[in-house]
Amino acid sequence: EAQVTQNPRYLITVTGKKLTVTCSQNMNHEYMSWYRQDPGLGLRQIYYSMNVEVTDKGDVPEGYKVSRKEKRNFPLILESPSPNQTSLYFCASRNYDYNEQFFGPGTRLTVL
Amino acid sequence: GENVEQHPSTLSVQEGDSAVIKCTYSDSASNYFPWYKQELGKGPQLIIDIRSNVGEKKDQRIAVTLNKTAKHFSLHITETQPEDSAVYFCAASKDGNNRLAFGKGNQVVVIP
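Those sequence lines, one after another, are chains A and B.
Per my numbering, the first sequence starts with residue 1, numbered consecutively.
Per my numbering, the second sequence starts with residue 1, numbered consecutively.
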């Protein structure tokens, strides 16, 4: 089944404790992206990647890092999480030639 | 950058009636306009999209219209059913730009 998977689905952590949210897709998509969803603010792009080793900032990149060492994986790294990063995070991917983005199921992160 | 706004934020309709959600965008160079549906606990899923060379597109009970002059596009759902209850996001982007700008979302509630 073609899909985007994220792990973990739920995470509660404390301020300053480094964490990684993994994202993997099995559709051989070149483009992958991370979004955060907050009430009243909709979906905002954090980082995106056009292909392996090619990443760029989205609208709200502060406090996040990403890497794209393999085509299928695009982990989101929070080196020192803070409470304002409490949010619902979505990973998405698409084929470079097509516009439709496929979203993962989301990761709900709470930073205490 | 592109700014996308959605109205109204919440829409309640009786089952069988029509629902219309309108979005406006700011960048006249944007040429791709998708609509995503997000059900509770899931990631957004593309339901219909339109490109700027087309004024209207229909898929069963769902249609999207685009007015390039006024820079707005609308989602029309006819004969609404309870399973249409969800959050709907509009978005805009332009070719060559890897960033998809989302609106804040509309909560649609279909009352049986």
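Treat the hints with care, as some may be off.
Stated by the list, open to error - Among chain A residues calculated to face chain B with C-beta under 8 Å, some are:
1. Pro8
2. Gly42
3. Pro83
4. Phe90
5. Tyr98
6. Glu100
The hints are simulated quantities; they were obtained by calculation from the structure and are not laboratory data.
Idealized CB from N, CA, C, for every residue including glycine.
Tested hints:
1. For Pro8(A), the interface hint is violated, the least distance from its beta-carbon to any beta-carbon of chain B being 15 Å, above 8 Å.
2. At its closest, the beta carbon of Gly42(A) sits 4 Å from a beta carbon of chain B; the interface hint therefore holds under the 8 Å criterion.
3. Evaluation of the Pro83(A) hint against chain B yields a violated restraint, the C-beta minimum of about 22 Å exceeding 8 Å.
4. Residue-level restraint check for Phe90(A) holds (minimum Cβ-Cβ distance to chain B is 5 Å; threshold 8 Å).
5. Annotation: Tyr98(A) was flagged as interfacial toward chain B, and the flag is violated, the nearest CB pair being 10 Å apart, outside 8 Å.
6. A distance limit of 8 Å between C-beta atoms decides the matter here; for Glu100(A) the minimum to chain B is near 5 Å, and the interface restraint holds.
Going down the numbered hints, you'll see the structure goes against 1, 3 and 5, while the others check out.
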